[in-house]
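2 protein chains.
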Amino acid sequence: MRRFLPLLAAMLAMPALAQDAAEPPTPASVVAAAPASDWRAIEPADLLVMTLAPDRDGNPRQVVIQLVPAPFSQGWVGNIRALAKAHWWDGMTVYRVVDNWVAQWGAGEDEEGKSKPLPEGLRVVSESEYTSTQLDIQLAGLEERTPEMERAVRQAVEAAQPDPREDEMTADITSTRTRQAREGWHERDSYSTWVEFFESWPVGNDSRPDADSEFWPVHCYASVGVARDLSPDTGTGAELYAVIGHAPRQLDRNIAVVGRVIEGIEHLATLPRGKGEAGVYDDPALRVPIISVRLGDELPEAERPRFRYLGSDTASFAEYVRVRAKRNDSFYNVPAGGIDVCNVQVPIQRRVAEPK
Amino acid sequence: MRRFLPLLAAMLAMPALAQDAAEPPTPASVVAAAPASDWRAIEPADLLVMTLAPDRDGNPRQVVIQLVPAPFSQGWVGNIRALAKAHWWDGMTVYRVVDNWVAQWGAGEDEEGKSKPLPEGLRVVSESEYTSTQLDIQLAGLEERTPEMERAVRQAVEAAQPDPREDEMTADITSTRTRQAREGWHERDSYSTWVEFFESWPVGNDSRPDADSEFWPVHCYASVGVARDLSPDTGTGAELYAVIGHAPRQLDRNIAVVGRVIEGIEHLATLPRGKGEAGVYDDPALRVPIISVRLGDELPEAERPRFRYLGSDTASFAEYVRVRAKRNDSFYNVPAGGIDVCNVQVPIQRRVAEPK
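Protein chains in written order, with the working numbering: chain S, 1 to 356; chain A, 1 to 356.
Next up, chain S with everything else stripped away, as it sits in the complex (with noise of 0.2 Å):
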């Protein structure tokens, strides 16, 4: 019987780790177990706060926008950070709610209706910066772009490993590789080739991930996008709406995707639903007044948002992934075995403290 004492001994000094064996680990347990290093601050410049006008009893709705970053939409999010520094939102109203599908604001008239002008200085936006290349996203940020740097970015990813996900189906955990939009999970769905987590956002890409590949952020519940016209208009950022669905990914590639509500998309979610056409409200009394949006870095230092995010690059993030794409803990019975890119939900906090 002796020998079996060191393991028992081992077990007795593991109370954690029995615990883990009799109930497996849960989307939750997995977030609360991360450790500090794999969460990234968001910067309060990349942030838009949208106030709204209290509701009928009072109580304050605040809307708190992450901006997706470079080198996804990046024309759009330039017209939207001169937008919101010239206050031009502010008075403006949400007029469109439309059920299991989108609400909307901006549209250039204030709550009286009057039309607002645009700031000058806004760019056009052309069709073809709804997706960036492989290329694109190796040399987002650098100033000056040169056919040096691009030659070697070309060998570089020629260079890299065969892709692993050529010979597979279903959801997998594979190794990163930083700077490529393809961090610690992907899979085939029926929108595109495949889909990933690029720095924690969501995006679609066209085929095996060579150079000049295409890759582009999709449409999930509360992602934020730019409302247009017919193409080849893409909509100059003035008017935005929120997902309060399903997610619609027939939009992909065909609106640009410039946010993601991370908190209070709530206040968007539970207005009524508008009756006019495309539901917009027909009755102006619905509409609800924009008190002001502000990037993050305006507002005083105390109302800073300070907000985290969990690394798609991370091991704590890949297994978030596997354990919400295979639950196995005492709810549920059958574990999908799968997951689709809208289902994951990149874990969001409001940070405490400054992470280290």
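The set of hints was computed from the structure by calculation and includes no laboratory data.
Not one of these hints is a red herring.
Sample of chain S residues at the chain A side, in silico, Cβ under 8 Å:
| id | residue |
| --- | --- |
| 1 | D189 |
| 2 | S190 |
| 3 | C220 |
| 4 | Y221 |
| 5 | T270 |
| 6 | R273 |
Negatives, chain S to chain A, calculated, CB over 12 Å:
| id | residue |
| --- | --- |
| 7 | S29 |
| 8 | S37 |
| 9 | E43 |
| 10 | E109 |
| 11 | E144 |
| 12 | D210 |
| 13 | G276 |
| 14 | P289 |
| 15 | P300 |
| 16 | S316 |
| 17 | R351 |
| 18 | V352 |
Since the model is a prediction, treat every value here as computed from it, not as a measurement.
Backbone N, C-alpha and C define an ideal beta-carbon position, used for all residues, glycine too.
Given chain S, put chain A in place with the hints provided.
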């Protein structure tokens, strides 16, 4: 030049066709063009009409739920019919609302928090009823099911054409086979080997459809399911929820899907989100009283809900899915090329007159 005249004459004689060529079909135009024979009436007996207390402005709030047809989830559907006939939900509340998840009602407590015993005779349903087999589908609705019948069905399934789906990856339209859960469209997805439509209900399937292969109704926006405690509890059907966000497909085969909201989902989706544990309203004043829940055929003739759905075994439905998956009308630049099952949004309409 003369030889072009017949063509010109033909074009003048077909203004509708000429117009179609200019503007490709949209989902709406396909639905509008569907002949009456492609629509199926929904029997009032297969509908639940839930009347909530009016909203703060006195507007009525009615939610209409279609119950899932046999063979799916019939243990719970039977209980739900019994609960409705007993007027069991009258005086209960909607008491839990979670953003991008569910609105839930029932729970055995009325507005004052008094508990109410369940009616007698409800079945305890087994977890095995989360799925139905191809045999169940073929033999659904029969009073008696003999080994001879099962043998005949097995032979028929085996003798059927080889499944063309084996070689396919993306949305495609194939011919239909009546009474097989495979009507006009099917696709692989992350949650099941196949998803497809059975009598216009989205269902998952675990393998190529031999006689014993399993099918199950899937969770989409507005799906109605049976809340339950931990496994092996499966719920009685007294406590129900409706999905008000992105399809929570991980619940498939883990909770019984018993229906879908076909009108009035906005009365649930716009409710304030609960701030108590698991989204339960901590403030009892937020609970939404249920005035009544009735089966459609219990209502007076004039009030009976009359709806119809586009049959998933019709050419109109196949074209509707094709067009939704490959939008190329004037708004869209890039057709997605595929679609996920919960984005198909089965056309369901109020009937103005009985279909012929």
